[in-house]
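Taken in order, these protein sequences are the chains called A and B.
Using our numbering, the letters of the first sequence correspond one by one to residues 1 to 216.
Using our numbering, the letters of the second sequence correspond one by one to residues 1 to 616.
Among the clues, some could well be false.
As the list claims (entries may be wrong) - Here are the simulated DSBU-like pairs of lysine-lysine, each with C-alpha atoms no more than 30 angstroms apart in a straight line:
{"id": "1", "chain 1": "B", "residue 1": "Lys293", "chain 2": "A", "residue 2": "Lys85"}
{"id": "2", "chain 1": "A", "residue 1": "Lys201", "chain 2": "B", "residue 2": "Lys254"}
{"id": "3", "chain 1": "B", "residue 1": "Lys83", "chain 2": "A", "residue 2": "Lys201"}
{"id": "4", "chain 1": "B", "residue 1": "Lys8", "chain 2": "A", "residue 2": "Lys96"}
{"id": "5", "chain 1": "B", "residue 1": "Lys254", "chain 2": "A", "residue 2": "Lys142"}
{"id": "6", "chain 1": "B", "residue 1": "Lys197", "chain 2": "B", "residue 2": "Lys232"}
{"id": "7", "chain 1": "A", "residue 1": "Lys96", "chain 2": "B", "residue 2": "Lys29"}
{"id": "8", "chain 1": "B", "residue 1": "Lys301", "chain 2": "A", "residue 2": "Lys99"}
{"id": "9", "chain 1": "A", "residue 1": "Lys85", "chain 2": "A", "residue 2": "Lys106"}
{"id": "10", "chain 1": "A", "residue 1": "Lys85", "chain 2": "B", "residue 2": "Lys333"}
{"id": "11", "chain 1": "A", "residue 1": "Lys201", "chain 2": "B", "residue 2": "Lys8"}
{"id": "12", "chain 1": "A", "residue 1": "Lys196", "chain 2": "B", "residue 2": "Lys8"}
{"id": "13", "chain 1": "B", "residue 1": "Lys197", "chain 2": "B", "residue 2": "Lys136"}
{"id": "14", "chain 1": "B", "residue 1": "Lys301", "chain 2": "B", "residue 2": "Lys241"}
{"id": "15", "chain 1": "B", "residue 1": "Lys3", "chain 2": "A", "residue 2": "Lys201"}
{"id": "16", "chain 1": "A", "residue 1": "Lys111", "chain 2": "B", "residue 2": "Lys15"}
{"id": "17", "chain 1": "A", "residue 1": "Lys138", "chain 2": "B", "residue 2": "Lys15"}
{"id": "18", "chain 1": "B", "residue 1": "Lys5", "chain 2": "A", "residue 2": "Lys201"}
{"id": "19", "chain 1": "B", "residue 1": "Lys254", "chain 2": "A", "residue 2": "Lys96"}
{"id": "20", "chain 1": "B", "residue 1": "Lys83", "chain 2": "A", "residue 2": "Lys139"}
{"id": "21", "chain 1": "A", "residue 1": "Lys147", "chain 2": "B", "residue 2": "Lys15"}
{"id": "22", "chain 1": "A", "residue 1": "Lys96", "chain 2": "B", "residue 2": "Lys5"}
{"id": "23", "chain 1": "A", "residue 1": "Lys196", "chain 2": "B", "residue 2": "Lys3"}
{"id": "24", "chain 1": "B", "residue 1": "Lys15", "chain 2": "A", "residue 2": "Lys142"}
{"id": "25", "chain 1": "A", "residue 1": "Lys85", "chain 2": "A", "residue 2": "Lys96"}
{"id": "26", "chain 1": "B", "residue 1": "Lys83", "chain 2": "A", "residue 2": "Lys140"}
{"id": "27", "chain 1": "B", "residue 1": "Lys29", "chain 2": "A", "residue 2": "Lys99"}
{"id": "28", "chain 1": "A", "residue 1": "Lys138", "chain 2": "B", "residue 2": "Lys8"}
{"id": "29", "chain 1": "B", "residue 1": "Lys405", "chain 2": "B", "residue 2": "Lys254"}
{"id": "30", "chain 1": "B", "residue 1": "Lys5", "chain 2": "A", "residue 2": "Lys163"}
{"id": "31", "chain 1": "B", "residue 1": "Lys3", "chain 2": "A", "residue 2": "Lys96"}
{"id": "32", "chain 1": "A", "residue 1": "Lys138", "chain 2": "B", "residue 2": "Lys83"}
{"id": "33", "chain 1": "B", "residue 1": "Lys3", "chain 2": "B", "residue 2": "Lys83"}
{"id": "34", "chain 1": "B", "residue 1": "Lys8", "chain 2": "A", "residue 2": "Lys163"}
{"id": "35", "chain 1": "A", "residue 1": "Lys96", "chain 2": "B", "residue 2": "Lys15"}
{"id": "36", "chain 1": "B", "residue 1": "Lys301", "chain 2": "A", "residue 2": "Lys96"}
{"id": "37", "chain 1": "A", "residue 1": "Lys112", "chain 2": "B", "residue 2": "Lys15"}
{"id": "38", "chain 1": "A", "residue 1": "Lys99", "chain 2": "B", "residue 2": "Lys254"}
Honestly, the hints are just simulated from the structure, not real lab data.
Computed from a predicted model, the values in this text were never measured in an experiment.
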Amino acid sequence: MEENRFDRRITFSKYDRAVFISHLDLMRTMQRAFKRADLPIWYTQGFNPHAYIMFPLALSLGISSDVEIMDASLTEDITCDDVTKRLNSALPTGLKIIKTALPVNKHTAIKKAEYEIILSAAQRDFNEFISREKIEIKKKTKKSSEKLIDIKPDIELLGINTKDEEISICVRLPAGCGLNINPSVLLEAFSEFTGKVYTAKISRTRILDNNGEEYR
Amino acid sequence: MYKEKIEKILPSVQKPARYIGGEHGSVVKDKNKVSVRFAFCFPDTYDVGMSHLGMKILYGLKNAVEDYWCERVFQPEPDYEQKMREEGILLYGLESLEPIKDFDFIGFTLQYELSYTNVLNMLDLAGVPLHARDRKDLSPIVVGGGPCVCNPEPLADFFDLFILGEGEKVNLELMELYKAMKQKGAGKEEFLLSAAKIEGVYVPGFYDFEYNSDGTVRSCIPNRNGVPKSVKKRVIEDYDKVYYPDNFVVPFTKIVHDRAVVEVLRGCIRGCRFCQAGFIYRPFREKSIDTIKRNTEDLCKSTGYEEVSLSSLSTSDHTQINELLSELVDYTKEEQISLSLPSLRVDNFSEDVLEKISTVRKSGLTFAPEAGTQRLRDVINKNVSEEEIMRSCKIAFEGGYTSVKLYFMLGLPTETMEDIEGMADTAHKIIDLFYSIPKEKRGKGSVSVSISCATFVPKPFTPFEFEPQATRQEIIDKQEHLISCLKTRKIKASWHDYNVSLLEAALARGDRRLGAVIEEAWRRGCKMDSWDEYFKPDVWWRTFDDLDIDPEFYACRKRDYSEVFAWDHLDYMVSKSFFIRENKLAYQAKTTPNCKEKCSGCGIKKECGGVYCGGK
Numbered sequence: 001m002e003e004n005r006f007d008r009r010i011t012f013s014k015y016d017r018a019v020f021i022s023h024l025d026l027m028r029t030m031q032r033a034f035k036r037a038d039l040p041i042w043y044t045q046g047f048n049p050h051a052y053i054m055f056p057l058a059l060s061l062g063i064s065s066d067v068e069i070m071d072a073s074l075t076e077d078i079t080c081d082d083v084t085k086r087l088n089s090a091l092p093t094g095l096k097i098i099k100t101a102l103p104v105n106k107h108t109a110i111k112k113a114e115y116e117i118i119l120s121a122a123q124r125d126f127n128e129f130i131s132r133e134k135i136e137i138k139k140k141t142k143k144s145s146e147k148l149i150d151i152k153p154d155i156e157l158l159g160i161n162t163k164d165e166e167i168s169i170c171v172r173l174p175a176g177c178g179l180n181i182n183p184s185v186l187l188e189a190f191s192e193f194t195g196k197v198y199t200a201k202i203s204r205t206r207i208l209d210n211n212g213e214e215y216r
Numbered sequence: 001m002y003k004e005k006i007e008k009i010l011p012s013v014q015k016p017a018r019y020i021g022g023e024h025g026s027v028v029k030d031k032n033k034v035s036v037r038f039a040f041c042f043p044d045t046y047d048v049g050m051s052h053l054g055m056k057i058l059y060g061l062k063n064a065v066e067d068y069w070c071e072r073v074f075q076p077e078p079d080y081e082q083k084m085r086e087e088g089i090l091l092y093g094l095e096s097l098e099p100i101k102d103f104d105f106i107g108f109t110l111q112y113e114l115s116y117t118n119v120l121n122m123l124d125l126a127g128v129p130l131h132a133r134d135r136k137d138l139s140p141i142v143v144g145g146g147p148c149v150c151n152p153e154p155l156a157d158f159f160d161l162f163i164l165g166e167g168e169k170v171n172l173e174l175m176e177l178y179k180a181m182k183q184k185g186a187g188k189e190e191f192l193l194s195a196a197k198i199e200g201v202y203v204p205g206f207y208d209f210e211y212n213s214d215g216t217v218r219s220c221i222p223n224r225n226g227v228p229k230s231v232k233k234r235v236i237e238d239y240d241k242v243y244y245p246d247n248f249v250v251p252f253t254k255i256v257h258d259r260a261v262v263e264v265l266r267g268c269i270r271g272c273r274f275c276q277a278g279f280i281y282r283p284f285r286e287k288s289i290d291t292i293k294r295n296t297e298d299l300c301k302s303t304g305y306e307e308v309s310l311s312s313l314s315t316s317d318h319t320q321i322n323e324l325l326s327e328l329v330d331y332t333k334e335e336q337i338s339l340s341l342p343s344l345r346v347d348n349f350s351e352d353v354l355e356k357i358s359t360v361r362k363s364g365l366t367f368a369p370e371a372g373t374q375r376l377r378d379v380i381n382k383n384v385s386e387e388e389i390m391r392s393c394k395i396a397f398e399g400g401y402t403s404v405k406l407y408f409m410l411g412l413p414t415e416t417m418e419d420i421e422g423m424a425d426t427a428h429k430i431i432d433l434f435y436s437i438p439k440e441k442r443g444k445g446s447v448s449v450s451i452s453c454a455t456f457v458p459k460p461f462t463p464f465e466f467e468p469q470a471t472r473q474e475i476i477d478k479q480e481h482l483i484s485c486l487k488t489r490k491i492k493a494s495w496h497d498y499n500v501s502l503l504e505a506a507l508a509r510g511d512r513r514l515g516a517v518i519e520e521a522w523r524r525g526c527k528m529d530s531w532d533e534y535f536k537p538d539v540w541w542r543t544f545d546d547l548d549i550d551p552e553f554y555a556c557r558k559r560d561y562s563e564v565f566a567w568d569h570l571d572y573m574v575s576k577s578f579f580i581r582e583n584k585l586a587y588q589a590k591t592t593p594n595c596k597e598k599c600s601g602c603g604i605k606k607e608c609g610g611v612y613c614g615g616k
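Starting from the given sequences, assemble the full structure and let the hints guide the process.
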């Protein structure tokens, strides 16, 4: 660890209008929030220095979350509580810091993420879909052709409930720098199965490490 | 309810963060606690409109009044517009996400002629009748402002009123009047009659045009009592004290000019004869160093931007430019903010100034000689000499620059092929200059010069408002001649599509009869005309033809000094007799000194607060 570099792991939520901020735009948005909050960002020491702010697990556009992780390094030893407070006063609506801590795990420790998916569909349809032997999705290969892969073994269904006209599905999917499955892929497969188009509300509820515990 | 509808379709469009608001600095109020709601519309995309300084100023100004709520509205990209129309989503304000048809004011800033179809498109997308006469209720009042309002006649059918000149005071006066009228239950006619008495407010419906048999304007006469014969633009007299925002809306997505912007001066002392901005924004006024510094610090702190740019027509004409720059550089260096100065002029581009900017950031070098020979530069009163360009280039090359961009115009009055050859000569001389500097003293690698040619568009309120635009064939001949004069690949030339320039010229000096053309062209699918990929010149020219209106009548006709123009009833304080005098001097290739050197009696009164308008 270099001198005058103080790492912070920041957990934040992304909701309401802010779910439409793309990954790249979020980077810029946070960088400006640090500047407004007068939190001095540590710059990488390479040929092309850049502010060290990074998101170890990207969140797709349109998905809300209360468990997003952002790593940032500062040039001053500012307390975790102070970082939370100052950033919160500088962020736009829909972005809120929940807590700031010192990082424990490496980024590669991220293995799974859990999602809640709410959509108007019949529970029976979904049960039928999810209990098939294979759930195949099209994946683009590097040679720009498509191949079918079976994601069934990677899906862990944690619960499904019906409320009014909607069903709420809790699911755990592979995440991180190895295999990463976006919940919208699951929805597309479901849509193909029933032949109906769904608009779903998706939120990420947990990010887990290789021991199945909350990523810290 | 509306918000949910919007959120449902956003995931399927490009860069949806542009359509949902919520940016840092955006102002959300309780609609039940405000009495006047204003939709500030920029008739182009978010990326372009969000870069516009005027919107930032007026947005802040209006929202600073507790009782008023101003929201931002842009022309959606075609992918989103199509989805909106399919789902029945009406054009909405980015702050409340509510349809603007229910607002009190719908205001458009008219920055360039090629955005006119977007104005109609946005009104239509908002569910608002296009024609002012079809909007019977008090609200929404459709207003227009910005530079194109100096000849708003082609859009007169669609607007209830136009605001001439600077908006900081008149906007608030207008909203105050509206509030009082709304409270007492007044109708639209009554409101407009009172509004027309506010200085700077022009209600086109209160004026009738008559035309001569040759198609020119005979007269423009008020059709109501108590309406001024001539409407005068508004000028901020105490410019150093005028409102300036201490915060900007900071977009999530990348926009064209994504930085803090500080305005340092208004108006221009130069009087280049082709330049509309140089006359309609007179007189020259500037902000004090303290004000500029305060604005810079406030904005950088509140936005978190790491770049600040100084805005004006000619920043180096600030009377204290050197002190200003050194104080600003001290601040920006300390805060690791980069400072950019987009409007530096060649002729007072000193070594000092160059060094100051280069300590912060190295960008390309651009010059705008506008014309290829000294004779033609004298005609247009662009007081830049080749020696000055060469001197500046030498300093720049020795400072490490290797690329130079030159801006020229084609089709200027009195232009000959010799002037075209002059453009190529200048570029060749710059290349030779680079290689005359010893290798170890100049920048690394090869040098490149790019020549960018715009077709000259004669504009109202300039000494060239009488001039014909060059025809298509003349421009093509000149472009070909320029290409044939270029002897090295180190020089590249590019130009704009002539169709764009011709349409711009026709609309710029058009009259009310063009309203039908704009409307019909829009109905036939023209919009986003300033975007190459959407511009449909064929549809435009067919529409002109079908309506039996000739664009060249407006664009390419030499006009007599005695002709009545469609903008003669609008008073931008610079007199027509001055323009006639300047036009005659142009034909003698005689220059006019700038305001700093000598007052040329353009008509601006001394009480307008101009730095050099002391009435001496």
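Quick rundown of the hints versus the structure:
For a cut-off of 30 angstroms, the pair hint linking Lys293 (chain B) to Lys85 (chain A) stands: about 29 angstroms separates their Cα positions. For the hint linking Lys201 (chain A) to Lys254 (chain B), the alpha-carbon distance of about 27 angstroms falls within 30 angstroms, and the restraint holds. At most 30 angstroms may separate the alpha-carbon atoms for a hinted pair to count; Lys83 (chain B) and Lys201 (chain A) meet this at roughly 19 angstroms. Taken as a hint, the Lys8 (chain B) and Lys96 (chain A) pair is honoured in the structure, with Cα atoms around 23 angstroms apart against an allowance of 30 angstroms.
With a C-alpha separation of about 29 angstroms, the suggested pair Lys254 (chain B) and Lys142 (chain A) falls inside the 30 angstroms cut-off, and the hint holds. Note on Lys197 (chain B) and Lys232 (chain B): the hinted pairing holds, with a Cα-Cα distance of about 11 angstroms set against a maximum of 30 angstroms. At roughly 20 angstroms between alpha-carbon atoms, Lys96 (chain A) and Lys29 (chain B) fall within 30 angstroms of each other, so this suggested pair holds. The hinted pair formed by Lys301 (chain B) and Lys99 (chain A) meets the criterion: a straight-line CA distance of about 24 angstroms does not exceed 30 angstroms.
Pair hint Lys85 (chain A) plus Lys106 (chain A) holds up; C-alpha atoms about 25 angstroms apart against a cutoff of 30 angstroms. At roughly 28 angstroms between alpha-carbon atoms, Lys85 (chain A) and Lys333 (chain B) fall within 30 angstroms of each other, so this suggested pair holds. For a cut-off of 30 angstroms, the pair hint linking Lys201 (chain A) to Lys8 (chain B) stands: about 9 angstroms separates their Cα positions. Only pairs whose Cα atoms come within 30 angstroms are accepted, and Lys196 (chain A) paired with Lys8 (chain B) is accepted, the gap being roughly 16 angstroms.
Between Lys197 (chain B) and Lys136 (chain B) the CA atoms are separated by roughly 21 angstroms; this keeps the pair inside 30 angstroms, and the hint holds. For the suggested pair Lys301 (chain B) and Lys241 (chain B), the alpha carbons sit about 21 angstroms apart, so the restraint of at most 30 angstroms is met. Note on Lys3 (chain B) and Lys201 (chain A): the hinted pairing holds, with a Cα-Cα distance of about 14 angstroms set against a maximum of 30 angstroms. A hinted pair counts as satisfied when its Cα atoms are at most 30 angstroms apart, and Lys111 (chain A) with Lys15 (chain B) qualifies at roughly 29 angstroms.
The suggested pairing of Lys138 (chain A) with Lys15 (chain B) holds, with an alpha-carbon distance near 25 angstroms, which does not exceed 30 angstroms. Restraint check for Lys5 (chain B) and Lys201 (chain A): satisfied, since their Cα atoms lie roughly 13 angstroms apart, inside the 30 angstroms limit. Of the pairs offered as hints, the one joining Lys254 (chain B) and Lys96 (chain A) holds, with about 22 angstroms between alpha carbons and a cut-off of 30 angstroms not exceeded. Restraint check for Lys83 (chain B) and Lys139 (chain A): satisfied, since their Cα atoms lie roughly 27 angstroms apart, inside the 30 angstroms limit.
Straight-line distance between C-alpha atoms of Lys147 (chain A) and Lys15 (chain B) comes to about 28 angstroms, which keeps the hinted pair within the 30 angstroms bound. Proximity of Lys96 (chain A) to Lys5 (chain B) is assessed by CA-CA distance (about 24 angstroms); at most 30 angstroms being required, the pair is judged to hold. The suggested pairing of Lys196 (chain A) with Lys3 (chain B) holds, with an alpha-carbon distance near 24 angstroms, which does not exceed 30 angstroms. A threshold of 30 angstroms between alpha carbons decides the hint, and for Lys15 (chain B) with Lys142 (chain A) the separation of about 25 angstroms falls inside it, so the pair holds.
Under the criterion of a C-alpha separation no larger than 30 angstroms, the hint pairing Lys85 (chain A) with Lys96 (chain A) is consistent with the structure, at around 10 angstroms. At roughly 27 angstroms between alpha-carbon atoms, Lys83 (chain B) and Lys140 (chain A) fall within 30 angstroms of each other, so this suggested pair holds. For the hint pairing Lys29 (chain B) with Lys99 (chain A), the CA-to-CA distance comes to about 29 angstroms; that is within 30 angstroms, so the pair holds. Simply put, Lys138 (chain A) and Lys8 (chain B) have alpha-carbon atoms about 25 angstroms apart, close enough for the 30 angstroms limit, and the pair holds.
Proximity of Lys405 (chain B) to Lys254 (chain B) is assessed by CA-CA distance (about 25 angstroms); at most 30 angstroms being required, the pair is judged to hold. Simply put, Lys5 (chain B) and Lys163 (chain A) have alpha-carbon atoms about 21 angstroms apart, close enough for the 30 angstroms limit, and the pair holds. About 21 angstroms separates the Cα atoms of Lys3 (chain B) and Lys96 (chain A), which keeps this hinted pair within 30 angstroms; it holds. A threshold of 30 angstroms between alpha carbons decides the hint, and for Lys138 (chain A) with Lys83 (chain B) the separation of about 26 angstroms falls inside it, so the pair holds.
A threshold of 30 angstroms between alpha carbons decides the hint, and for Lys3 (chain B) with Lys83 (chain B) the separation of about 15 angstroms falls inside it, so the pair holds. For the hint linking Lys8 (chain B) to Lys163 (chain A), the alpha-carbon distance of about 20 angstroms falls within 30 angstroms, and the restraint holds. For the hint pairing Lys96 (chain A) with Lys15 (chain B), the CA-to-CA distance comes to about 22 angstroms; that is within 30 angstroms, so the pair holds. As the CA atoms of Lys301 (chain B) and Lys96 (chain A) are separated by approximately 20 angstroms, the hinted pair is consistent with the 30 angstroms bound.
Taking the CA atoms of Lys112 (chain A) and Lys15 (chain B), the gap is about 28 angstroms. The hint holds against a cut of 30 angstroms. With a CA separation close to 28 angstroms, the supplied pair Lys99 (chain A) and Lys254 (chain B) stays within the 30 angstroms bound.
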